[in-house]
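Enquirer: Numbered by the working numbering, the letters in the sequence shown go through residues 1400 to 1614 in order.
None of the hints are false.
The calculated BS3-like cross-link candidates involving lysine-lysine, where the alpha carbons are at most 25 Å apart (straight line), are:
1) Lys1530 - Lys1453
2) Lys1402 - Lys1568
3) Lys1402 - Lys1499
4) Lys1444 - Lys1430
5) Lys1461 - Lys1444
6) Lys1537 - Lys1402
7) Lys1444 - Lys1590
8) Lys1442 - Lys1590
9) Lys1453 - Lys1442
10) Lys1499 - Lys1540
11) Lys1590 - Lys1540
12) Lys1430 - Lys1461
Read the hints as simulated data drawn from the structure, not as lab findings.
Remember, predicted model here, so these are calculated numbers, not experimental data.
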Amino acid sequence: MYKHVIFDFDGTLADSRLLFIRLYNELAQAKNLPQLNPSDWEKLKGLSILDRCKRLGVPLYKIPFWAGEFLKLYRQNLEQLQLYEGVREMLSNIHQAGIKSAIISSNSVENISIFLAHQGIRSIDQIISSKNLFGKDKSIKSYLKRHQLFPHEVLYVGDELRDIEACHKMNVAIAWVEWGYDPWEAVEAAKPQYRISTLSELQRLLVPGTEHPLI
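Using the sequences provided together with the hints, build the complete structure.
Expert: Structural data, given as structure tokens:
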């Protein structure tokens, strides 16, 4: 059984797809970039982040500068963000089982903390913001060192190819979830250790022999 579980946030715990599209369009309008609609989103899901930026006409060198603006807009619209159904119960159940939970995300600590507080979720022990879009492996490494953990004692739960790649670099097992941003076709070649289709399945992986309360 894993001692610690690290979650991604957007697309894994929180359903932020529609909010992301709306806020991207608001920012894109100010930057004179093409608008994004839900049908475009489906086409972009199969592309890498770099290819998505090229398709949208977003200059890669400007991403770090625009990220701050986007996260500020995100914070102003947190009331529109929703947890995926059953996340609250799952987090409570794994907490009661004695498993430590953390979040490592490209989102900001402030955004995530405010949202979780509004949701009444107190079972997350630590929130870490990975400032570099492709630097989650460094955040995972710091987490392991701080808590004196071996890689095999930790499970990361995420939804994107970059999550899988970061975990492979650190020899940490990853459970890729089907309900997030990247489709299976985009991550299959990276070979995540687990492919998770429901929160019930994830809970059974973390706490063998248990069932999710929504079943």
